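Construct the complete structure from the given sequences, taking the supplied hints into account.
Chains as they are written, first to last, in the working numbering: chain A, 1 to 372; chain B, 373 to 652; chain C, 653 to 943.
Certain hints may be false.
Taking lysine-lysine pairs in the DSSO-like style, the calculated list, with each CA pair at most 30 Å apart, reads [said to hold, decoys possible]:
1. B:Lys552 - A:Lys346
2. A:Lys7 - B:Lys489
3. A:Lys363 - B:Lys489
4. A:Lys150 - C:Lys930
5. B:Lys489 - C:Lys735
6. A:Lys238 - A:Lys191
7. B:Lys379 - B:Lys541
8. B:Lys475 - A:Lys238
9. B:Lys455 - B:Lys379
10. B:Lys567 - A:Lys238
11. C:Lys835 - C:Lys811
12. B:Lys541 - A:Lys364
13. B:Lys455 - C:Lys811
14. B:Lys440 - A:Lys238
15. A:Lys366 - B:Lys475
16. B:Lys552 - A:Lys363
17. B:Lys552 - A:Lys364
18. A:Lys150 - B:Lys379
Partial list, derived from the structure: chain A residues whose beta carbon lies under 8 Å from chain C [what the hints assert, rightly or not]:
19. Tyr276
20. Val283
21. Gln360
So these bits of chain C aren't anywhere near chain A, every CB distance computed over 10 Å [stated by the list, open to error]:
22. Ala708
23. Trp761
24. Ile836
25. Ile898
Keep in mind the hints are simulated off the structure, nothing from the lab.
In this text, all values refer to a predicted model and were calculated from it rather than measured experimentally.
Note that beta-carbon positions come from the ideal geometry of N, C-alpha and C, so glycine has one too.
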Amino acid sequence: METKRNKTILWGLVLIAAFSALSLGAEGIAEATGQTLLMTVLKKGTVYALLAVSMNLLNGFTGLFSLGQAGFMLIGAYTYAILTIPVAKRAGVYQYYDGGIVQFSIPETFSGVFGDLVGGVIGMVITLVICGLLAAFFGWLIGLPVLRLKSDYLAIATLGFAEIIRTFIQYESFAPLTNGSNTLRQYPTFKHLYPYVIIVGLCILGIVLLVNSTYGRAFKAIRDDEIAAEAMGINLAKHKMLSFIISSFFAGVGGGLLAMYMSSVQAKGFTVAMTYEILLMVVIGGIGSISGSIIASYLFIGCSEWWLRFLDDPGNNPGGLKLLAPGFRMVVFSIFIMIVVLFFRKGIMGEREFPDILRQRAKKTKKEAAGK
Amino acid sequence: MSENVLKVENVTMQFGGVVAVDNMNLEINQGEIVALIGPNGAGKTTAFNVVTGVYQPTNGAVWFQGEKIVENHPQGKMRQQYKGQHAGEYSRALAPTPDAITKLGMARTFQNIRLWKSQTVFDNVLIAKHCRTHTNFLSAALRLNRKEEQAQRQHVEELLELVGLSDVKGELATSLPYGKQRRLEIARALATEPKLLLLDEPAAGMNPQETGELTAFISEIRSKLGLTVFLIEHHMDLVMDISDRIYVLDFGRLIAEGTPAEIQNNQRVIDAYLGVAEDA
Amino acid sequence: MVQILSTLLPGISVGGQYALIALGYTMVYGILRLINFAHGDIFTVAGFVMFYAVTAMPVQLAIPLTIAVTVLLGFTVERLAYKPLRSAPRMSVMISAIGVSYLLQNLMWYITGGQPQQYPVIPWISDSISVFGTETKRVTIITPILTIVLILALVTLIKKTRIGMAMRAASRDFETARLMGIKINSVISMTFVIGSFLAAVGSFLFFSNYSTVSPTVGTMPGLKAFVAAVFGGIGSIPGAVVGGFIIGICENIIRGLGYSTFSDAFTFALLIVVLFVKPTGLFGEKLEEKV
Numbered sequence: 001m002e003t004k005r006n007k008t009i010l011w012g013l014v015l016i017a018a019f020s021a022l023s024l025g026a027e028g029i030a031e032a033t034g035q036t037l038l039m040t041v042l043k044k045g046t047v048y049a050l051l052a053v054s055m056n057l058l059n060g061f062t063g064l065f066s067l068g069q070a071g072f073m074l075i076g077a078y079t080y081a082i083l084t085i086p087v088a089k090r091a092g093v094y095q096y097y098d099g100g101i102v103q104f105s106i107p108e109t110f111s112g113v114f115g116d117l118v119g120g121v122i123g124m125v126i127t128l129v130i131c132g133l134l135a136a137f138f139g140w141l142i143g144l145p146v147l148r149l150k151s152d153y154l155a156i157a158t159l160g161f162a163e164i165i166r167t168f169i170q171y172e173s174f175a176p177l178t179n180g181s182n183t184l185r186q187y188p189t190f191k192h193l194y195p196y197v198i199i200v201g202l203c204i205l206g207i208v209l210l211v212n213s214t215y216g217r218a219f220k221a222i223r224d225d226e227i228a229a230e231a232m233g234i235n236l237a238k239h240k241m242l243s244f245i246i247s248s249f250f251a252g253v254g255g256g257l258l259a260m261y262m263s264s265v266q267a268k269g270f271t272v273a274m275t276y277e278i279l280l281m282v283v284i285g286g287i288g289s290i291s292g293s294i295i296a297s298y299l300f301i302g303c304s305e306w307w308l309r310f311l312d313d314p315g316n317n318p319g320g321l322k323l324l325a326p327g328f329r330m331v332v333f334s335i336f337i338m339i340v341v342l343f344f345r346k347g348i349m350g351e352r353e354f355p356d357i358l359r360q361r362a363k364k365t366k367k368e369a370a371g372k
Numbered sequence: 373m374s375e376n377v378l379k380v381e382n383v384t385m386q387f388g389g390v391v392a393v394d395n396m397n398l399e400i401n402q403g404e405i406v407a408l409i410g411p412n413g414a415g416k417t418t419a420f421n422v423v424t425g426v427y428q429p430t431n432g433a434v435w436f437q438g439e440k441i442v443e444n445h446p447q448g449k450m451r452q453q454y455k456g457q458h459a460g461e462y463s464r465a466l467a468p469t470p471d472a473i474t475k476l477g478m479a480r481t482f483q484n485i486r487l488w489k490s491q492t493v494f495d496n497v498l499i500a501k502h503c504r505t506h507t508n509f510l511s512a513a514l515r516l517n518r519k520e521e522q523a524q525r526q527h528v529e530e531l532l533e534l535v536g537l538s539d540v541k542g543e544l545a546t547s548l549p550y551g552k553q554r555r556l557e558i559a560r561a562l563a564t565e566p567k568l569l570l571l572d573e574p575a576a577g578m579n580p581q582e583t584g585e586l587t588a589f590i591s592e593i594r595s596k597l598g599l600t601v602f603l604i605e606h607h608m609d610l611v612m613d614i615s616d617r618i619y620v621l622d623f624g625r626l627i628a629e630g631t632p633a634e635i636q637n638n639q640r641v642i643d644a645y646l647g648v649a650e651d652a
Numbered sequence: 653m654v655q656i657l658s659t660l661l662p663g664i665s666v667g668g669q670y671a672l673i674a675l676g677y678t679m680v681y682g683i684l685r686l687i688n689f690a691h692g693d694i695f696t697v698a699g700f701v702m703f704y705a706v707t708a709m710p711v712q713l714a715i716p717l718t719i720a721v722t723v724l725l726g727f728t729v730e731r732l733a734y735k736p737l738r739s740a741p742r743m744s745v746m747i748s749a750i751g752v753s754y755l756l757q758n759l760m761w762y763i764t765g766g767q768p769q770q771y772p773v774i775p776w777i778s779d780s781i782s783v784f785g786t787e788t789k790r791v792t793i794i795t796p797i798l799t800i801v802l803i804l805a806l807v808t809l810i811k812k813t814r815i816g817m818a819m820r821a822a823s824r825d826f827e828t829a830r831l832m833g834i835k836i837n838s839v840i841s842m843t844f845v846i847g848s849f850l851a852a853v854g855s856f857l858f859f860s861n862y863s864t865v866s867p868t869v870g871t872m873p874g875l876k877a878f879v880a881a882v883f884g885g886i887g888s889i890p891g892a893v894v895g896g897f898i899i900g901i902c903e904n905i906i907r908g909l910g911y912s913t914f915s916d917a918f919t920f921a922l923l924i925v926v927l928f929v930k931p932t933g934l935f936g937e938k939l940e941e942k943v
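In structure tokens, the structure reads:
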């Protein structure tokens with residue numbers, strides 16, 4: 001039993017290393033062949049994998065149907081941008097607000113100590129942690145009232161809070177801090193894919209370890225039967241809050257990474273629709289399956305950004321049809337999603353994880369071998 | 373053997389105008405098996421729900437191991453609607469959540485089985501050990517709690533052995549036959565390390581043979597684990613076999629208390645069960 | 653006086669529109685316990701149908717056509733996306749509703765090319781009139797009146813007709829109603845038909861005031877109408893109406909005070925306060941979970 005516990009951590013680290021190496025390879029191939037969409041899909045897919053897994057922790061493992069994801073991502077994205085824009089560029093970004101009130105940049109501060117490259121990276125990573133912590137703090141604040149609510153009321157209340165957060169960030173009086181409804185840009189980003197893979201990998205590994213710990217089991221008990229969980233001594237308020245805060249933390253980190261990927265952020269874009277997309281990824285992957293969420297994120301981004309692109313090109317229309325036009329790919333894509341939602345309700349993975357499937361395979365082949 | 377484990381004191385539970393439990397008083401001593409019986413709808417499960425903290429009583433108090441754990445007096449709208457006695461005797465509103473009461477050492481099973489459906493037999497019991505965990509979530513996630521985890525898993529193995537479910541520990545809880553699900557619920561309750569075990573119709577849906585086995589099993593765990601048992605049951609064979617004392621509830625009111633022999637000969641109890649109309 | 657009136661009138665008007673949409677939410681929730689996230693998008697579709705219809709036919713024909721198409725859409729969505737999930741957990745149905753919303757928005761984007769469209773001027777109701785010296789569109793005055801008339805009709809339908817009785821039974825106890833031989837599927841379809849009809853009427857009034865239609869324009873009024881339904885007590889028809897009017901009026905007062913940024917946030921803040929203080933809303937009934 002003891003070695004098995006160690007294995008999860010070990011295997012996780014090995015997988016992260018392997019995927020980082022793979023991502024270097026993929027980047028090389030993409031550059032050589034000029035396939036820019038591949039990099040878009042991989043980067044965005046990686047960031048969304050974290051966002052989907054963090055939502056799954058709440059919706060899939062704890063059974064709390066929350067629709068506040070976009071709000072916590074927004075907090076993460078803005079925290080990252082505000083804390084990392086180089087001081088010299090602030091006057092340009094905050095052009096209407098005299099360069100804003102934040103007059104430092106965390107990566108620059110660290111660059112001063114550790115040199116440009118190392119210090120910059122340390123600063124960026126530390127800022128990501130701050131993104132998570134701030135989102136977690138707001139998660140706690142919001143959780144205090146809303147976690148008393150049940151199922152659909154919880155959904156609508158969290159959705160409401162996400163909208164409130166968006167309104168406040170755009171509020172004129174906070175503009176020296178948030179740049180109001182203007183774009184935040186020119187902050188440092190990771191050029192390569194592998195830093196995204198490493199950070200997201202570590203975060204997901206953390207979630208996997210948590211889900212398989214005694215706390216994760218308590219979350220699942222709450223999801224399966226709240227009344228029984230409470231009767232068996234699991235404090236509902238405490239555990240729901242814990243799950244909510246942890247999910248917000250990772251949504252905040254994911255928001256910071258999303259800001260990096262997008263290279264400019266504006267509060268306007270973090271709408272309910274964004275939360276819906278992430279929820280649909282979770283559903284496609286299988287509610288309650290982490291590997292499912294990861295696979296679904298790449299598939300989702302792949303389909304919406306790349307593989308279905310040809311459907312948007314009017315030049316591809318067969319015969320005299322005028323079906324293919326911009327936007328058609330999203331229609332086809334949403335029909336796919338509806339088919340999954342209606343007829344494959346368990347998603348790609350159901351509640352299973354990838355190792356479970358491998359194990360089942362192994363058992364099957366063993367049995368077959370024995371049968372022969 | 374005279375130490376008081378549970379004391380229900382003047383408890384009334386009223387939903388709007390309906391009085392489900394009316395001024396109930398009962399005591400359970402260390403090591404006893406006490407049964408609460410009564411016709412359907414008499415308020416037995418409601419009494420359990422008050423004791424375990426699911427409902428807050430309208431009036432009255434509950435003591436556990438010499439400590440007052442629940443207390444309430446009619447509040448808000450209830451102040452006018454309350455029809456019971458002893459209204460002025462209680463002043464605090466002490467209402468811990470069920471998990472806090474479980475942590476004090478009281479565990480229950482449910483009339484309509486409430487196992488965690490997506491979990492295995494083993495995990496169902498293991499999850500119940502969570503309330504005795506001392507690690508925080510960070511050290512649990514980083515696997516710094518191996519010793520504790522190990523000990524808990526060991527205890528779960530022992531409990532499954534005790535209830536005779538070791539051979540099916542890897543199966544989904546809901547795939548078990550009914551009788552075994554009931555045993556699993558008991559194992560799960562025992563995992564919280566209770567001093568008082570509350571069983572809500574543990575033999576419901578069982579055939580006579582299974583009921584007989586269950587009877588022996590309850591006596592066995594009582595002596596092995598030094599438990600006190602409080603149970604609700606309709607199977608009179610089981611009740612008469614193992615109970616030290618019996619309380620009879622009818623329309624929310626306790627109408628009799630005594631040993632199995634006394635209860636069997638009590639005219640009021642016989643009337644209640646045979647349905648002699650009170651206004652006749 | 654003029655100032656107060658010029659804030660209050662549009663408030664009452666918008667409130668009436670919210671009320672009409674909120675009825676769709678509250679009736680569906682009453683029977684299926686489902687937040688129909690797609691309802692706001694059905695409302696938007698009604699806006700687009702009207703936009704395209706007037707390019708091909710006179711307004712007198714376009715209005716009934718829009719109503720017919722919207723009602724058909726509501727009916728179809730229920731049959732295709734909700735009916736197959738009748739025995740599924742509530743969360744699945746809610747996800748399906750979100751999926752439908754996603755599909756409808758993408759579909760509208762595809763058809764319109766994502767450009768906001770100018771809503772056609774409906775003669776007479778879009779005319780400017782003067783009320784106590786305040787210039788306003790006639791629709792502002794018509795909305796509350798029409799809303800009240802429609803609601804009275806709806807209440808009569810529910811109180812006096814057989815299908816109305818079936819609806820009341822189904823919202824009280826779905827399973828028992830089914831056992832009593834009520835054709836539950838036709839009751840549910842009827843609910844969606846009525847809800848979509850009211851959303852279509854709401855769209856004429858709403859877009860006559862706001863004049864542009866875009867694929868996501870219905871999300872906000874949809875959510876606000878839902879808040880109105882919760883505020884009034886979900887499942888309650890008078891609740892939805894009172895909630896709609898209160899939210900519409902408050903929103904316009906906040907705009908009038910110069911805090912228009914916060915008019916959306918206010919609605920949600922109100923929702924959270926209501927859920928916190930009285931989760932059942934103004935006229936809602938309490939539901940207990942049995943242990």
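Evaluated hints:
1. B:Lys552 - A:Lys346: 28 Å, holds
2. A:Lys7 - B:Lys489: 27 Å, holds
3. A:Lys363 - B:Lys489: At roughly 24 Å apart (the allowed maximum being 30 Å), Lys489 of chain B and Lys363 of chain A satisfy the hint.
4. A:Lys150 - C:Lys930: Status holds; Cα separation ~14 Å.
5. B:Lys489 - C:Lys735: 25 Å, holds
6. A:Lys238 - A:Lys191: Roughly 40 Å between the alpha carbons, so the hint for Lys238 of chain A and Lys191 of chain A is violated.
7. B:Lys379 - B:Lys541: 37 Å, violated
8. B:Lys475 - A:Lys238: 14 Å, holds
9. B:Lys455 - B:Lys379: Status holds; Cα separation ~22 Å.
10. B:Lys567 - A:Lys238: 25 Å, holds
11. C:Lys835 - C:Lys811: Within the cut-off at roughly 18 Å; holds.
12. B:Lys541 - A:Lys364: 21 Å, holds
13. B:Lys455 - C:Lys811: 37 Å, violated
14. B:Lys440 - A:Lys238: 24 Å, holds
15. A:Lys366 - B:Lys475: Violated, at roughly 45 Å.
16. B:Lys552 - A:Lys363: 27 Å, holds
17. B:Lys552 - A:Lys364: With a Cα-Cα distance of about 28 Å, the restraint between Lys552 of chain B and Lys364 of chain A holds, given a limit of 30 Å.
18. A:Lys150 - B:Lys379: Distance of about 34 Å is beyond 30 Å: violated.
19. Tyr276: Tyr276 of chain A check passes; min Cβ-Cβ to chain C is 5 Å, inside 8 Å.
20. Val283: With a closest approach of 5 Å, the Val283 of chain A hint holds.
21. Gln360: 25 Å, violated
22. Ala708: 18 Å, holds
23. Trp761: 5 Å, violated
24. Ile836: Non-interface label stands for Ile836 of chain C: nearest chain A Cβ at 19 Å, farther than 10 Å.
25. Ile898: 16 Å, holds
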